[in-house]
Amino acid sequence: MITDVSTVIGAGTTPPAGAAAPFTYPPATHLWAAEPPTPAAAPSFLARVLSGAATVAIGATGIAAGTAAMIGALHPVTLDWAVPLVGVDLDLTPLGGLFALLIGIVAIPVGIYTVGYARTQHMGRFSLTVLPIFVAAMLLVSAAGSVPTFLFAWELMAATSLVLVWADHRRPAVPQAGVFYAVLTQLGFMLILLALVLLAAGAGTDNFADIAALADTLPGWTRSTVFVLTLIGFGSKAGLLPLHAWLPRAHPEAPSPVSALMSGAMVALGAYGLARIGLQLLGPGPRWWGLCLLAIGAASALFGVLSASVATDLKRLLAYSTTENMGLVAVGLGVAMLLASSGRIQIAAIAATAALLHLVAHAAFKTLGFLSAGAVLASTGERDLDRMGGLVHRIPATTVLFGIAALGASGLPLGAGFVSEWLLLQSLIHSPTPNDPLLALAVPMTVGAVALTTGLGVVVMVKAFGVGFLARPRSAGAADPLPVPRSMLAGMSVIAAACVVLAVAPVVMSPALTSALRGLRVNAAPLGPVLLRLPGVAGTVAPAVLGAGLLIAVLLVVLISRHGIRTRPKPVTSPLWACGADGLTPRMQYTATSFAEPLQRVFDGVLRPDTGLELDRHPGSQYVIAHAAYRARQRDVIEEHGYTPVLRAVRALAQVVRRAHTGSLHLYLAYGGAGLLTVLIVSLVASR
Amino acid sequence: MGWLTRIRRIGRIAEPAPAKPAPSVVLPPTGRKRSLQIRYVDAGSCDGCAIEIGAVFGPVYDAERYGARLVASPRHADALMVTGVVTRNMEQPLRNTLAAIPEPRIIIAVGDCACTGGIFADGYGVVGSVRDVIGADIEVPGCPPRPEDIIAALRSVTGR
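Protein chains in written order, with our numbering: chain A, 1 to 688; chain B, 1 to 160.
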């Protein structure tokens, strides 16, 4: 199964004739370019504004409710009338409040952005209606106070997001992406359902607060089973291995505001589930729980960043980067769990802080990343980095906004993701391990994995920004982009401001994180405001000082460079230096593929790219080559080697089951009767 | 034998510096003495002059002790050093290279071909001498010129 890019360079293709001709290379493998979007009419202004306003309003509600929950102003509410039999229990804990805040931060810019995006990209009226419902469902997940409410909200969230992924179903890649997403998310839901039912049955109550009180009395195997099931189930939503394959398929195909909501907020709810069940309800369990989470997180981070480094589709790259970042979050939670069960509570609190802060930072920069990728798509029609370029001169505002997102995602200082990654490394480095071989082995390996992930993350973002936005345009669409609508720019600016605040003054998150941490079982002693002072660790970082220093340095350089400006000759504009030759063409530029080629070579064993040179020799002589084609395809290794056998087994099983389906109605009725009879007999026997 | 030992054993092999030549009429292009960054272009020479230039910047003649240095990019250069007649194929690259060197800059023509066209002067593939095509501020005649002459020309600019 070929997942994405297939670049075929024909030796016989005609070279671009002259500078004026639009540069069309590589050939359009892009579905968008090959097939224009369906000519459905753009939704009316009223519909777009209503949808956007509803999304913004629900987001604002999330922020308000989250803030109220974190200062302890909310009480559990039960709405018996809302859902028959079980009712709806709402209980926004401080931890849930943090996530409600996060969803609100993501939803507000997305709501503003959608007004313009829906016009240029023809989002249907149905999608516009579902979008606010999706946001509301996510808020409901964070506010769920009982197992049935949680499951109901979770499924509502899954269903609405699926509808949104499927919005553009006329494009050929969308249905397949939708099926992948549907199967994996429902698989995850099934596991979560099983786990929570087991938990509720064991505790004898379905209210989370009561379960938390009774959790310690549960037998060990129940707790462990619940943990493992939720780890895989929530992991599928968080994009962790091995159930990550929906991310790189669904994110590129979904409309960009939906990708932003899914990648910024919905994926974070997977981590919310992990923290809620693993750290809040069941508490830090045996040490292998933490190790499991740590291993899955580290593997996801490494796999995500490696796959992102060779991805050429901008949105696919961002999707893999989501897997990477959620991997880092899982590492943070895993370290917290491991250290808490090893009795190192203070360091565990730092690790948990790092995980939560990284979630917030990731929500901000990834939302901005997807929104600006959507702006590029709307204005150039391109998603493929190999066909972009030169956008810095054509759509500068979008370029700057994507730059802020890329800086955040690369985890460099003054980027939104820096402080959380720094905290994570601090927690790892400061977990001293006297007489503890397990920690002594696990911690250095994790440090290595995190460091490698961060380093490669920089490469990924340099590639995305440098190849996608700088230099010269590589396609007609990139050479002549449409202007980005103002509402889209406004939406992106809002979330960019959040990114900058998180980068320069992460202290603003301190009260929220502190109150969220109080709900987790990693703090024995009452915590002071985290982030201002790390408990028990002598490490400090001050991004604001870094920012001020950078500003002063830039000012100094500007001042010094102005010194003696009068005596110097006038500046001239001269053509680019091309080693004396004329006619630099965009073909001479680095592409995303060539930029990643060294990495692809180094990690050949992991990535297993399918590359090859196919030569058609001339029938007359084997020394004359009639046609040469280079093939480079990047597939998802885990999908190819992990999913295919499972799918084959399922198909084989289905063939076996099919034998019972003969088409005879009488037989089917007999099956039904036999089934009913069996259930009656079993229940009769069991009740005796 | 380790490389440190080898360095110590061989020692310095540069020839002693000859007497300072008379300063050139051409001022150093940067307006500051003692340094000259040179981009070298072979506009169509037989490579005889190039070999001498190689010797000039080698360990024996060691032009770098007089402040002259070959650089890789014209953007870093103050001077363009050209050898050979300007052939048709090299005319535009030569002009492009000159245009890429920031002003103020000087042009040094090295060898008879560069100065006058030499024995190739009226060849069918020849545009003209460097003097004709882009002009030359300093000319070093000879076929090929002796390294001492090239060094003297460079020192007349750097003043060292």
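Honestly, the hints are just simulated from the structure, not real lab data.
Note that this is a predicted model, so its numbers are computed, not measured.
From the three backbone atoms N, C-alpha and C, an ideal C-beta is built for every residue, glycine too.
Accuracy of the hints is not assured; some may be wrong.
Stated by the list, open to error - Just the calculated beta-carbon pair ranges, DEER-fashion:
#	chain 1	residue 1	chain 2	residue 2	range
1	B	135	A	497	34 to 44 Å
2	A	611	B	58	40 to 50 Å
3	A	574	B	47	53 to 63 Å
4	B	70	A	400	38 to 48 Å
5	A	611	B	70	35 to 45 Å
6	A	548	B	34	36 to 46 Å
Run the structure past the numbered hints and jot down the numbers of the failing ones, going up. Hint check: 1 and 3 fail, others pass.
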